[in-house]
Amino acid sequence: MSTEPRMTFCGMNCPGGVEPAPYASQFAKHLHSHQHSETNEDHQGRSDVEAILVQGMQNLTFDELQREQEDLHGVSAESQEDTKVMDKLLKSLTEHLHRLKKGTVYESAEERNPPYVCQRKFQILFLRGNRYDPKAAAEKIISFYSLKKDLFGTERLVRDITLQDMDEDDMETLMCGSAQVASCLDRSGRVIVLAVPGLRKYKSIKNELRYLYYLSMKVLESQESQKKGVVFVSYFVDKYKDSKNGEGFNQTMKLMLSIPFNIAGFHWCLDDHTQMILGKAAFSVMPPRLQAKTKLHFGSHVECQYLLASYGIPREALAFSSSYNDLDLSYHRYWLKQCAQQESNGNNPSQREPVSSVHCTPKENDVLCIGRRASGAGNKRLMKMAVSFSDSYDLGTVKSRRAILNCMMDEIRKHGGRFLKPDISAEGEGSWIEVEEKEMRLKIGQTFRNLRRRRAGVPAAGNVVATPAPPSSVLSAVKVKPDDVLFGKNNPQRGNQLLQSLIEQMAAEYDSSNRGQKKQLASRLVCKIKESGGRFLKPMNDGTLEIVSDKVAEQKVSVHFRNLRRKKR
Numbered sequence: 287m288s289t290e291p292r293m294t295f296c297g298m299n300c301p302g303g304v305e306p307a308p309y310a311s312q313f314a315k316h317l318h319s320h321q322h323s324e325t326n327e328d329h330q331g332r333s334d335v336e337a338i339l340v341q342g343m344q345n346l347t348f349d350e351l352q353r354e355q356e357d358l359h360g361v362s363a364e365s366q367e368d369t370k371v372m373d374k375l376l377k378s379l380t381e382h383l384h385r386l387k388k389g390t391v392y393e394s395a396e397e398r399n400p401p402y403v404c405q406r407k408f409q410i411l412f413l414r415g416n417r418y419d420p421k422a423a424a425e426k427i428i429s430f431y432s433l434k435k436d437l438f439g440t441e442r443l444v445r446d447i448t449l450q451d452m453d454e455d456d457m458e459t460l461m462c463g464s465a466q467v468a469s470c471l472d473r474s475g476r477v478i479v480l481a482v483p484g485l486r487k488y489k490s491i492k493n494e495l496r497y498l499y500y501l502s503m504k505v506l507e508s509q510e511s512q513k514k515g516v517v518f519v520s521y522f523v524d525k526y527k528d529s530k531n532g533e534g535f536n537q538t539m540k541l542m543l544s545i546p547f548n549i550a551g552f553h554w555c556l557d558d559h560t561q562m563i564l565g566k567a568a569f570s571v572m573p574p575r576l577q578a579k580t581k582l583h584f585g586s587h588v589e590c591q592y593l594l595a596s597y598g599i600p601r602e603a604l605a606f607s608s609s610y611n612d613l614d615l616s617y618h619r620y621w622l623k624q625c626a627q628q629e630s631n632g633n634n635p636s637q638r639e640p641v642s643s644v645h646c647t648p649k650e651n652d653v654l655c656i657g658r659r660a661s662g663a664g665n666k667r668l669m670k671m672a673v674s675f676s677d678s679y680d681l682g683t684v685k686s687r688r689a690i691l692n693c694m695m696d697e698i699r700k701h702g703g704r705f706l707k708p709d710i711s712a713e714g715e716g717s718w719i720e721v722e723e724k725e726m727r728l729k730i731g732q733t734f735r736n737l738r739r740r741r742a743g744v745p746a747a748g749n750v751v752a753t754p755a756p757p758s759s760v761l762s763a764v765k766v767k768p769d770d771v772l773f774g775k776n777n778p779q780r781g782n783q784l785l786q787s788l789i790e791q792m793a794a795e796y797d798s799s800n801r802g803q804k805k806q807l808a809s810r811l812v813c814k815i816k817e818s819g820g821r822f823l824k825p826m827n828d829g830t831l832e833i834v835s836d837k838v839a840e841q842k843v844s845v846h847f848r849n850l851r852r853k854k855r
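When you read off a place in the sequence shown, starting at 1, and then add 286, the result is the number in the working numbering.
Any given hint could turn out to be false.
What the hints assert, rightly or not - For lysine-lysine, the following DSSO-like pairs were computed, each having C-alpha atoms within a straight-line distance of at most 30 Å: (1) Lys700 / Lys724; (2) Lys724 / Lys707; (3) Lys421 / Lys566; (4) Lys581 / Lys700; (5) Lys805 / Lys767; (6) Lys374 / Lys421; (7) Lys407 / Lys623; (8) Lys540 / Lys377; (9) Lys421 / Lys377; (10) Lys435 / Lys623; (11) Lys707 / Lys407; (12) Lys805 / Lys816; (13) Lys685 / Lys853; (14) Lys824 / Lys805; (15) Lys805 / Lys842.
Since the hints were derived computationally from the structure, they do not count as laboratory data.
Here the structure is a predicted model, which means the values were calculated and not measured.
Using the sequences plus the hints, can you model the full thing?
Written out as C-alpha cells, the structure reads:
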C-alpha cells in the first residue's frame with residue numbers, strides 16, 4: 287500500500303504531492319469568469335454515471351480497489367519481473383491458448399506463421415496488459431486476432447501493421463487528430479493518449495478503427511508503456527463534443543477491450559448532459575477494475591484542465607492554446623512522421639527510435655543529461671540528493687542502491703521534473719526527449735561515481751547528468767577528536783574502543799533480536815557515541831576524513847555486530 291503523502295491545493299486533493307503550480311494561478315484568475323453553470327439535467331446525468339462507477343468499485347475487494355486507485359493517482363510501484371516466474375506464466379498462457387484456440391482466428395494464424403504468433407515478447411505484452419493473469423491474457427489474445435482479421439483481413443493477420451497498410455481514407459482519418467499521443471508524459475512518466483471526439487472524421491467507421499488499432503500498437507512498442515500503463519483522456523468540452531454523436535461507439539469499446547493495454551487511468555472531460563449519455567454507455571460495459579480508475583471531470587475548459595492537472599496530467603499534454611483552446615496538431619504530425627521513419631528503417635535496430643518518445647521543452651525543474659553545461663533547479667536538486675545519499679549508496683547492496691535511485695527519481699518527479707536528453711535524430715537543434723527509466727538509473731548511478739571521483743581528485747567521466755559541483759563544505763577536511771569513531775581496522779581511538787565495548791555488551795541482545803529491533807539497537811548505540819561527543823568518520827581517497835550520516839553509522843555498527851558473531855564461531 288502506498289504511503290506517499292497527498293497535499294491539498296486550492297481545495298483540490300493532489301495525488302503524490304504533485305502541485306500543478308504553473309496552471310494554478312491561471313485557474314484562480316479565471317475561475318469565476320469561466321465557471322460552468324450546471325443544469326438539473328447535467329446534475330442528474332452526472333449522478334447516473336457516477337452511480338455506475340461506484341457500483342463497479344463495490345464489485346472489487348479492498349485490495350483490488352486500492353491497487354486500481356494507486357494506478358489512477360500514479361503512485362503504484364512498477365512490477366519487477368523475474369525470468370523464472372515469467373517462464374512459468376508463459377507456459378501457463380500457452381496451455382490456456384491450447385484449450386481456447388480451437389476454431390478461432392488465432393488457430394488459423396498460428397498455423398500460417400507460428401514464429402510470429404508465438405513470439406515471447408508478444409505474449410509478454412498480453413501478460414503485462416492483464417496483470418500477469420495467464421487465463422485473461424489468453425482470452426485477450428484470442429479476441430485480439432479476431433479484431434485484427436476484421437480490420438485488416440486474413441492476408442495481414444500474421445505481420446505488423448504499418449502506415450503502408452492504410453488506404454487513402456484511413457490516412458485522412460489519421461491526420462485529423464481525433465486520437466493522438468500527447469507531446470509529454472504525465473507526472474509519473476506514463477504516456478498519455480488524448481481523444482478529441484470533436485475532430486472525428488472518416489468515410490466509414492472502419493477507417494477510424496484501423497487508425498485506433500495502429501496508434502495503440504505503436505504506443506505498446508515501448509516496454510515502459512507496457513509496464514507503467516497508459517493514461518487516456520477523452521475531451522468532450524465545448525467545441526470538442528463528439529462530432530459523430532456516438533456513432534461507432536460499440537465497435538470502439540470492443541477494440542479498446544481487445545488491445546492489451548495496461549490502462550492506468552481513464553479521464554472523461556465534458557460540460558453538458560448530452561455527452562453523459564455516451565459516458566453512461568461506455569462505463570456500463572467496462573470491467574469493474576477499469577471503472578475503479580475512471581474519473582469524470584465536469585466543467586469548462588479551465589476547470590477540466592485544472593482537474594486533470596491534479597491527477598498529474600499537465601496542460602501542455604493537451605496541446606491547447608492558452609487563449610482560445612484551439613488544438614495544435616503539430617506534434618501529432620511529427621509523431622506520424624517518426625512512425626513513417628521508423629518503418630522505413632525496417633528491422634535494423636540501430637536505426638529504430640521508439641515511437642513512444644515525445645519531444646519536450648525543458649523546464650526549470652527538469653534534469654538535463656548534457657554533461658556539466660546545465661545548472662537549473664532540477665540538476666541542482668539531483669546533485670544535492672546525490673551528496674546526501676552518497677555514503678548509503680557507496681556502502682549499499684544492489685537492492686538498497688535501487689531503492690535510493692527510485693527515491694531520487696520520485697523526488698524529481700514530485701517537483702514536476704523530468705530527465706531529458708537531446709534528440710540527436712531530430713532535424714536542427716533544441717529538440718529534447720524524455721529518458722526511459724532504465725537509462726535514468728544508469729545516469730544517476732554515473733552521478734554517484736562522478737561524485738566519488740571528484741572527492742578523490744579524479745576527473746569525472748562521460749557525458750552524463752549535468753551535476754553542478756558539490757558544495758565545498760562536503761569536501762573540506764575534518765579534524766579528528768579523541769571520542770570520534772574512525773572507519774577501518776585496529777584504530778586505537780578512544781571512540782573506537784568505546785564502540786567496541788558497547789558492541790560486546792549488547793551482542794547477545796542484538797543476536798536474539800529481529801530485524802527491526804536490530805536497527806533500533808544500532809541507532810541507540812550511535813546515539814551513545816554522539817552523546818559522548820563522538821562522530822563517525824570515513825577516510826577519503828585524498829587522505830581527508832568525512833563525517834558520515836547517522837544511517838551510514840548505523841550500517842557500520844551492524845557490520846561490527848556481525849563481525850563479532852563470526853569471530854565467536
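For each hint, the structure was consulted:
1. Lys700 / Lys724: Roughly 19 Å between the alpha carbons, so the hint for lysine 700 and lysine 724 holds.
2. Lys724 / Lys707: holds, 14 Å
3. Lys421 / Lys566: Roughly 29 Å between the alpha carbons, so the hint for lysine 421 and lysine 566 holds.
4. Lys581 / Lys700: Holds - the C-alpha atoms of lysine 700 and lysine 581 are around 22 Å apart, at most 30 Å.
5. Lys805 / Lys767: holds, 26 Å
6. Lys374 / Lys421: holds, 13 Å
7. Lys407 / Lys623: Answer holds: lysine 407 to lysine 623 is near 25 Å, not above 30 Å.
8. Lys540 / Lys377: Since the Cα atoms of lysine 540 and lysine 377 sit roughly 27 Å apart, the hinted pair holds (cutoff 30 Å).
9. Lys421 / Lys377: Since the Cα atoms of lysine 421 and lysine 377 sit roughly 11 Å apart, the hinted pair holds (cutoff 30 Å).
10. Lys435 / Lys623: Holds. Lysine 435 to lysine 623 sits at ~26 Å (cutoff 30 Å).
11. Lys707 / Lys407: holds, 27 Å
12. Lys805 / Lys816: At roughly 17 Å apart (the allowed maximum being 30 Å), lysine 816 and lysine 805 satisfy the hint.
13. Lys685 / Lys853: The given pair, whose Cα atoms are some 27 Å apart, holds under the 30 Å limit.
14. Lys824 / Lys805: holds, 21 Å
15. Lys805 / Lys842: holds, 11 Å
Hint compliance for this structure: every hint is met.
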